[in-house]
Amino acid sequence: MTSTFTMPLGPVHVALEEPVYFNLTVDGEIVRHVDLTSGHVHRGMEAMATQRNLVKNVTLTERVCSLCSNSHSFTYSMAVENVLGITIPDRARYLRVIAEEIKRISSHLFNTAIQAHIIGFKSLFMHVMEVREMMQDLKETVYGNRMNLAANCIGGVKYSVDAALLDYMRNMLDKVEPQVDEIREIYDTNSMVLARTRGLGLLPKEDAIRLGVVGPVARGSGLHLDVRKDSPYAAYPDVEFKTVVEQGCCIHARTMVRLHEIFESFKIIRQCITQLPDGEVTAPMRQIRTAEACARSEAPRGEVFYYIRTNGTDMPARLKWRVPSYMNWEALGVMMRDCNVSDVALITNSIDPCVSCTER
Amino acid sequence: MQEVINGNAKVIEGLTALCSTEDDAIHHSTDSFGNAYHWFRLGTPRMLTQGAQILRDADARLAMVTAYNRRQLSEPMQEICYHFEIQGFIYNMTVTLNGEWPTVPSITPLFANADWHEREMIELYGIQVMGHPNPRRLFLDEELDAGILNEAVPLSIMMNGACTTDLWERILQDKEKQS
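In order, the protein sequence lines correspond to chains A and B.
Numbered continuously in this note's numbering, the first sequence closes out at residue 360.
Numbered continuously in this note's numbering, the second sequence closes out at residue 179.
No lab work stands behind these hints, which were simulated from the structure alone.
If you're wondering where the values come from, they're calculated on a predicted model, not measured in any experiment.
Be a bit skeptical, because a hint or two may be false.
Stated by the list, open to error - Footprint (simulated), chain A over chain B, 3 or more residues, beta carbon under 8 Å:
no., segment
1, 9-19
2, 25-38
3, 43-55
4, 134-140
Quick reminder that beta carbons are idealized off the backbone N, C-alpha and C, glycines included.
The shape of chain A in the complex, shown without the other chains:
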């Protein structure tokens, strides 16, 4: 005889890094239905943004999320530049991309590390985090910060780099790259990792299109979606890189998209270091008018979208943003259909969920 019952998971749970509450309808060990309750850390940040001026909002938006912090201040600055009609200097375009790609490498490594942690592969978890630590050191040396880089400002960037720092960056990348290659091989061949990830948490291509998912979740389901390619911004039109797409539609496909992407990021940073032009790093502010504009960028988790409406004062009339996790949450309903209760945490991690930026 079988019977279904409801099983609560969260909001605070060992395997979930952030507070979200799942109501799972289970039938024995099998999940039949997923219901999600969020709102545990809603901060009302969009309302706060209309009470601060344009410059202060750079700092505010950088605190929306920690792993994609740089993408938020980056996209917000682009939105303001679009609304005011500012063109940023060439050197700033390159420096913005360097900061963004350094963050992407760290972010992807963090997500893969957590996957090993949930699987229970402790030594792999520690190994990946150790490699990531080198990227964190790099951030601290260049920016003075490990998470909120404070690299962007309206009209350009706040930091500049000299030849010595560029050398340091290059050396660090040379050290990290072979180690990430080793990590990639483990995730692609280790039988324990494969048993828990391959063919699990399926998101078919049609569902990925229907739900409008973005980032590695979309690319792991065979969708060619990458803002850096689709509508190039900053220095992305000037550098060569590939959009990584996998067809597996499973947890493993999403993991491999992230790991392959790290190598594209290495390529982008190296090209930026070589091609970095001299000159100013900021453009002057312009008169604020009544207008509206949007901007988007490819954060580690996918597309970040900003909309701004100004009213002639230095405070925005409306600032709205949408983060990649926003649509990816709903895809969990598809991924968890008929999965095992023990795989719920792993599937959740595979979308690289972010509660703080979804709820803002």
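Based on the hints, put chain B in the right spot on chain A.
Coordinates of chain B only, in the frame set by chain A:
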């Protein structure tokens, strides 16, 4: 120099036909990297379904929905801007709501990911969405009034009276009710 408008001609024509006759109802812009943005202001909220259908037929992806008050622009009405993406180009469709009866038709049947966006604007801006398949609260507690972002709420009330006499008064009220 003639400005070239990049984008899907069929979508631009279709949405143009739905726009109001005001001068600024349609405009096209590009950012400093040459990416195109198209802006359309629809005649009435009822036309939203037709507009969404045109975009659906063109395989557009709904990127975001923004609801806002124009109060800060010294006008009383609310507006909703729907942002879509087709092959790297952004199509923005704006509808202006009647202040007395702020209602729009749901586009969730056409774009599955409109679900959360619509629920969010119901709870934060008090906008009514007709025909939404799942009109539950998304982030905020059921006890808070709908349209909470339309008014200024003291932080102490928002946080359930954590730091003022408000909490104490509430406890006393609850106690009276129980006894």
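Hint check:
1. With 0 residues having a beta carbon nearer than 8 Å to a beta carbon of chain A, the segment 9-19 of chain B misses the requirement of three or more and the stated coverage is violated.
2. Counting residues of the segment 25-38 of chain B whose beta carbon lies closer than 8 Å to any beta carbon of chain A gives 6, which meets the minimum of three for the stated coverage.
3. Check on the segment 43-55 of chain B: 0 of its residues sit with their Cβ under 8 Å from a Cβ of chain A, so the three-residue criterion for coverage is violated.
4. Beta-carbon proximity to chain A at under 8 Å applies to 4 residues in the segment 134-140 of chain B; the threshold of 3 is reached and the given coverage holds.
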